[in-house]
Amino acid sequence: MGLKGLGDRRKGNPGHPPLIDDVTQAQLWQALQGTAPDGGLWNGRQVADWLTGVTGRKISRQRGWEILRQMTFRLRVPRPAHIESDEDEQQAWKKKLVTELEGLRRRYPDAQVQLWSENEHRLGLKPVMRRIYVAEDCQPLAHINWKFEWLWLYGFVRPETGETYWWIIPYVNTTLFSRVLYQVRLIGYNISDQCQTCVMPRRISIAPHLSTEELGRADHQAQEGLESRQYQIIWLLAKGKTTEEVQEITGYSRIWIYELVKRYNQLGLKGLGARRKGNPGHPPLIDDVTQAQLWQALQGTAPDGGLWNGRQVADWLTGVTGRKISRQRGWEILRQMTFRLRVPRPAHIESDEDEQQAWKKKLVTELEGLRRRYPDAQVQLWSENEHRLGLKPVMRRIYVAEDCQPLAHINWKFEWLWLYGFVRPETGETYWWIIPYVNTTLFSRVLQEFAAEFKL
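The opening residue of the sequence shown carries number 1 in full-length UniProt numbering; numbering runs sequentially from there.
Possibly wrong hints are sitting among the right ones.
[Stated by the list, open to error] Here are the computed lysine-lysine pairs in the BS3-like style, where the Cα-Cα straight-line distance is at most 30 Å:
| no. | residue 1 | residue 2 |
| --- | --- | --- |
| 1 | Lys455 | Lys360 |
| 2 | Lys239 | Lys270 |
| 3 | Lys262 | Lys241 |
| 4 | Lys362 | Lys270 |
| 5 | Lys262 | Lys239 |
| 6 | Lys361 | Lys455 |
| 7 | Lys270 | Lys241 |
Keep in mind that the hints were calculated from the coordinates and are not lab data.
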C-alpha cells in the first residue's frame, strides 16, 4: 500500500453501522409504553428479544440493557395508587378546589381560610414493589387493591405551614372517618376563637366499683408486684391522670392500659392481677384413649397406604376428633409420642425373622455336638455373608418409636459387584472375595478357596 497504509486512517473509517436506526428506535419507544410481549415488565432480555424479531439480527441481553439506558430509561420503584383511582378525576378536583378557595376568600374577606389535605395510609405490612424501567423523567404508579385489615393512619396536613394532625385507626369506614372529621372541626373552632389548647379525646372512664381511697389501699396492700402495678394504673386514672401520664409513670403501653381498664370496668378488682393461677389452660388436644388409638394406627401403614408423617397424623386426628388439626400440630404430636425419623436398615424381601432365630438356636446345638464328638479337634465358627458394592438404594427416613430400628425389605438385583465376606467372631479374623455375580458355582469356588486358605 506504500504511504497509503500509514497516517491516521480513522478519518476514512465510518465505524460500525448503528445497531438500530431512528425508525426502529421510534418503534421501540412506542412498544415500551405498553407491556412486554409476554405480558410482563420490560427488561434487557425483553428488549433484546423484541429487537431480534424486528431487525433479524441476534441481540444479546446485555446489549438490550445498554439500549434501554441510552434511551434514558431508568429503574424506578412504582408509587402505590389505588386500583380504582382516576387521574383525570383528581386533576379536575384540584381545579375545582382552587376555584372554591377563591370563592370563599371573596365571600368572607375578613375570615381566615385554611386549606387542609387529608389522606389515609396503611401501617404495617406493605406490598413489595419491584423496580421497572421507565423514562428518566417519569414516576410509575402501581395500582393496588388495598385490603382494609391493618392499622390505618388518617393524616391531615396544612400545605401553607406544614402543620399536621393524625389519628391511627384499625379500620377504614365512614363512621370512623366522620368521628375524625368531627375532631378536626373542633380544632378549627379553637383556632377561630384563638384558643391555645387542642381538643383531645375524652378521658378514660373508670367504673365506680371502688373509691379512689379504696383503690390506693388496694395498691399498698397487694401481695405481688404485678397486682400492685395494675392497681396503681387504675388508681392513677381514677385520680384524673391522663393515659400519657400513666404511661410515663408505670411504663405500660396504651393498649395494655386500655385492656386493664376494660377488665376492671367489667369485673372490678377480680379482673386484675395474675389471672394465670386460676387458668388451667386449654384442654389437651387428644385424650388418653385417642392417643392409644393413634399409637395402634402408627404401627401400620398410613390411611393412604404410604408412610406416616405430620400431615397424615393431622388428617387422622381431624377425622377422629372432629377438630381441624394443622400439619405442624401433627408433627408435634408425633414428637411428643417419642416417634423419631430413622433410616431403615436394608433387609431382603424374602427374609424370615423366625427362621433366622431358629437357625441361630440350631447352630448352637450343632457346635456343642461337634465338640462332644471330636473332643481333641479345634472347632472354629465362621460367619459368611454377601453384600452388594456400588449404587445403593436411597433410604427415606420414616417415623418410628424412639427405641426401634426399622427395616426396609428390598429385592436385591444381582447385577453389581458383590463382596463375599467371612468373619470369625471369636478372634475377629476376616477373609473376603469381590465377585461380579452371585450364583452357586462361584459360591462353591469361594468356599473351596476359603477351606484351602485355612486348611479346613
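Verification of the hints:
Under the criterion of a C-alpha separation no larger than 30 Å, the hint pairing lysine 455 with lysine 360 is consistent with the structure, at around 25 Å. Restraint check: the Cα-Cα separation between lysine 239 and lysine 270 comes to about 20 Å, which is no more than 30 Å; the hinted pair holds. Between lysine 262 and lysine 241 the CA atoms are separated by roughly 17 Å; this keeps the pair inside 30 Å, and the hint holds. About 76 Å separates the Cα atoms of lysine 362 and lysine 270, which puts this hinted pair outside 30 Å; it is violated.
Simply put, lysine 262 and lysine 239 have alpha-carbon atoms about 17 Å apart, close enough for the 30 Å limit, and the pair holds. As the CA atoms of lysine 361 and lysine 455 are separated by approximately 27 Å, the hinted pair is consistent with the 30 Å bound. A threshold of 30 Å between alpha carbons decides the hint, and for lysine 270 with lysine 241 the separation of about 23 Å falls inside it, so the pair holds.
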